[in-house]
Amino acid sequence: MILLYPCANLECEYPIGHPEFIDQPKTTDISRYYRLVKCKILPPQLYHPVLPYRYASKLLFPLCRTCAQQQIKQQPTNNKKSETCPHSIEERTLTGNVQRNSFNHT
1 MILLYPCANL ECEYPIGHPE FIDQPKTTDI SRYYRLVKCK ILPPQLYHPV
51 LPYRYASKLL FPLCRTCAQQ QIKQQPTNNK KSETCPHSIE ERTLTGNVQR
101 NSFNHT
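Just so you know, my numbering puts 35 at position 35 of the sequence shown, and the rest follows in order with no gaps.
No wet-lab data here; the hints were simulated from the structure.
Predicted, not measured: the structure shown is a model, and the values here were computed from it.
If you anchor each label on the Cβ, the simulated ranges turn out as follows: (1) 47 with 69: 15 to 25 Å; (2) 36 with 72: 20 to 30 Å; (3) 95 with 19: 11 to 21 Å; (4) 46 with 69: 15 to 25 Å; (5) 38 with 13: 15 to 25 Å; (6) 50 with 28: 12 to 22 Å; (7) 20 with 96: 11 to 21 Å.
Even glycine gets a Cβ: it sits at the ideal position worked out from N, Cα and C.
Required output: the full structure, derived from the provided sequences and hints.
In structure tokens:
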């Protein structure tokens with residue numbers, strides 16, 4: 001097994017010092033800001049979801065936050081999946097800390 005940790009330490013950037021919290025950004029272009037962003041994201045309608053979401057100690061890749069939470073709470077015998085999501089945009093939105101380079105996939 002080859003670890004990339006030494007290579008990442010040599011070649012990658014790391015944040016130093018205390019974080020700067022920006023509540024009201026002057027622009028929506030996050031490329032000006034550094035790596036970690038706490039934000040709300042509406043997952044795109046893809047066949048394969050790409051954004052991670054952690055709920056109830058499980059790592060999920062949902063297209064709808066509310067559907068994912070409901071599936072975790074349901075009994076394991078109920079495996080019916082809906083073809084369409086009935087939830088509003090606010091109910092579908094994921095909130096969390098995301099690395100800035102994760103936005104390149106959305």
